[in-house]
Amino acid sequence: MKFFGFLITLLTGAVLIYGTLDMPAYGDPDSPASRHVSPRYIEMTEIETATPNMVTSILADYRGYDTMGETTVIFTAGMSCIFLLRKRKS
Amino acid sequence: MIYRGEDIIIRTISRMLIPFIQLYGLYVIMHGHYSPGGGFQGGVILGASLILLLLAYGYQDAKSRVPEKLLTVFSGVGVFIYAGTGFLCLVLLGNFLDYAMLAKILHTDAAHARSLGILSVEIGVGMAVMAVMVSIFLDISTGGVLPGEEEEKQKTAEEA
Amino acid sequence: MILEQFPFLVHSAPALIIVIPLMFALLTPVIGLIRREWTFPWMLLALLLATLFSVTALQDVMRNGVIHYRMGNWEPPWGIEYVVDHLNGLMLVLISATALLVAVYGKKSVEQELPGKEVYFRCIFLLQVTGFLGIVITGDAFNLYVFLEIASLAGYALIAIGEDGAPFASFRYIIMGTIGACFYLLAIGYLYIVTGSLNMADLARLLPPLYGSKVVLTAFAFFMVGIAIKMALFPLHVWLPDAYTKAPSAVSALVAPLMTKVSVYVMIRILFGVFAPSFSISVVPAMKILLVAGIVAIFTGAILALAQKDFKRMLCYIIVAEVGYMVGGVGLANTTALRGAVLHIANDVVMTAGLFAVAGIINYKMREHRLDDFKDMFKRMPFTMAAFATIALSIIGVPPTGGFFSKWYLLQGALQEGSWIFVAALLFSSLVNVVLFFRIFEIGYGFHGDHGHSAGGDGGEAVAIREAPLSMLVPLMIAAATIVLLGFYNQALIGKIIQYAVPVL
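Protein chains in written order, with this note's numbering: chain A, 88 to 177; chain B, 4 to 163; chain C, 87 to 591.
Be a bit skeptical, because a hint or two may be false.
Once the Cα atoms are required to be at most 20 Å apart in a straight line, the calculated PhoX-like pairs of lysine-lysine come out as [stated by the list, open to error]:
| hint | chain 1 | residue 1 | chain 2 | residue 2 |
| --- | --- | --- | --- | --- |
| 1 | C | Lys451 | C | Lys194 |
| 2 | C | Lys203 | C | Lys193 |
| 3 | B | Lys72 | C | Lys203 |
| 4 | C | Lys395 | C | Lys451 |
| 5 | C | Lys461 | C | Lys451 |
| 6 | C | Lys461 | C | Lys395 |
| 7 | A | Lys174 | B | Lys72 |
| 8 | C | Lys451 | C | Lys193 |
| 9 | C | Lys451 | A | Lys174 |
| 10 | B | Lys66 | A | Lys174 |
Covered, in the sense of this in silico footprint (three residues per stretch, anywhere, with C-beta under 8 Å from a C-beta of chain A), are these stretches of chain C [unchecked claim]:
| hint | stretch |
| --- | --- |
| 11 | 230 to 241 |
| 12 | 266 to 279 |
| 13 | 317 to 326 |
In short, the hints are calculated from the structure, not lab data.
Beta carbons: idealized from backbone N, C-alpha and C, even for Gly.
Assemble the whole structure, with the sequences as input and the hints as a guide.
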């Protein structure tokens, strides 16, 4: 059974590596990831959000809704811990 | 259980360090616009300072500063600040999380309103992350049995 | 609806569907600190509003076509977009209405099973519903993952609080579920590398030239396996029976019907929304694999269900078989079968919720949920058992109920495709369901064959009527009535909603 699990893990890894064969080169400035949505974030962040740090402007504004979800994940984790572990009535 | 710390060096150093750690945490939250940082990182630093307090002084002594009910409220209210900022934009007849709408009440232009919206959101994230970290730490380290009032009295009696 | 007089509310409905349960959930612990009892009406209000806005959104879609809602007013590839079409409009209504019913139903059982933990239960319950709704409504692949995380995390917590052995069952679910979610995330990452986009519609536009690429093929495989784990497709179902058997009654009634169906929805969305149907059907043999997986799931689910002595566990294996119906229906890859699969999602949400509600009522009365606990239940709880019988007939597939019609469409689809094995699997599982449920009816009536009226108070052995509390009974009756109505109005449902929900293949 252990061997079987090991085999599956190897297989999954092999598939993942197989997938990387067609990927654009690492750090390629012409790759789709850096050409499609990124230029607007880089060029417009100062004008549109008055926030020089584009990581922050993407995180909290352009994709702010995802960040709200992630914060909710953290909140859920905290509430789950209280729900499962805390014995004293609060 | 988190017991009362005995080591005077740890307690003294923590007491001296904690204000600076917290100040740095606040700086990281507020400075997310210009440098690496933001709500998550700053919140973790703030949370770490409180965990240090708990480790050095034990839950009994630190309780007055970190009551668990306050942590629960903070984690809810922190995320609520985030969602509430978004909701405020919706109330101002914009889309959800469209901070540009905040310009109507902040008397600035859209870009700066967005900047301020980001700030408000980061503060909410910071509060939530800090409170949840400490709350999870409390629950896991004590197995969920937070020392009650009775136990506390007994312990202080024993120590005396 | 009342809301139509406020066009702005109708416009904002997609956001409000998610944001209202979320904001209510965030404040639930605070409300709980003030007054514990207030959290229950608080939760009901949130779910009621969510249902109201879901219905509004669905009506809006039926009248004016697909709704696009931009979060933060950023246009799609840059920001996050909510897209409500007929398919997820239907899912939204199903999820929010089910959650509302289960919330009412769960009040008593939660007070009995989890005394002192109601406040946090209600908070996490709302988060769970938020997660489901968020998964369904979003038009952004990564945003889907975020809400998948919320839903999964809340689910793990809710399951772990159940009876003995629940933490271990939940832990197994965590391991499996996390692998599934990771696979999904890896797939998104791979697609992002070659397209630079996370928006589903944008991906659908950018992907066709890349269909031969190894990256896209790998991403597709990881999407499918990840989702298959989440929907408990055989043989990746091993986490499901333990987790849903040991969860508290109210949790089983919420999570068991919704998690698997939401995952089936995600699968349909990825197969036909992110990738083009032509890719999913002809470039990769995905459909054939799904068909085979569905058939195997139906057979094994049905056989394993026969072997169970515990009612809830039996239901869990029925779910495994039902997932097989839907996956197989999608795998048949023709319009009729696909419509049947979507109709079956709707029916199955109602049926599974109803059956787990019955299990919860049995558990509330007997503190157990074995098949033997049904002894004399027809006399003791005539209304509960009447509702149970209706839902059971639907799951078997007896005509006026909804279950018959979705099976009928699936059957027709299979015949069109000439897939006799799928036809055989459907019939086999229906037969097994007959055996399963008539065994319970037999136990429920007692073996002596005295089919006396339920109000029998004459003989010494007669059992007094001890119905379930009204707050548990009424939601169950509504579920039973809904499944019959779904049967009567299946033409309308197909004609008005489902035919626009699925692509014509």
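Hint-by-hint comparison with the structure:
At most 20 Å may separate the alpha-carbon atoms for a hinted pair to count; Lys451(C) and Lys194(C) meet this at roughly 11 Å. Proposed proximity of Lys203(C) and Lys193(C) is supported: the alpha carbons are some 12 Å apart, at most 20 Å. In summary, the hint linking Lys72(B) to Lys203(C) is supported, as the alpha carbons are separated by about 15 Å, within the 20 Å threshold. A C-alpha spacing of about 18 Å is found between Lys395(C) and Lys451(C), which places the hinted pair at or below 20 Å, so the restraint holds.
Distance hint between Lys461(C) and Lys451(C) is fulfilled; the C-alpha atoms sit about 12 Å from each other, no more than 20 Å. For the hint linking Lys461(C) to Lys395(C), the alpha-carbon distance of about 13 Å falls within 20 Å, and the restraint holds. Between Lys174(A) and Lys72(B), the direct Cα distance comes to roughly 14 Å. Compliance with the 20 Å bound is thereby established for this hinted pair. For the hint pairing Lys451(C) with Lys193(C), the CA-to-CA distance comes to about 14 Å; that is within 20 Å, so the pair holds.
Taking the CA atoms of Lys451(C) and Lys174(A), the gap is near 26 Å; set against the 20 Å cutoff, the hint is violated. Restraint check: the Cα-Cα separation between Lys66(B) and Lys174(A) comes to about 17 Å, which is no more than 20 Å; the hinted pair holds. Counting residues of the stretch 230 to 241 of chain C whose beta-carbon sits less than 8 Å from any beta-carbon of chain A gives 6, enough to reach three: the coverage restraint holds. By the rule of at least three residues with a Cβ nearer than 8 Å to a Cβ of chain A, the coverage given for the stretch 266 to 279 of chain C holds, with 4 such residues.
Interface restraint, the stretch 317 to 326 of chain C with chain A: violated (0 residues with C-beta to C-beta distance below 8 Å; minimum three).
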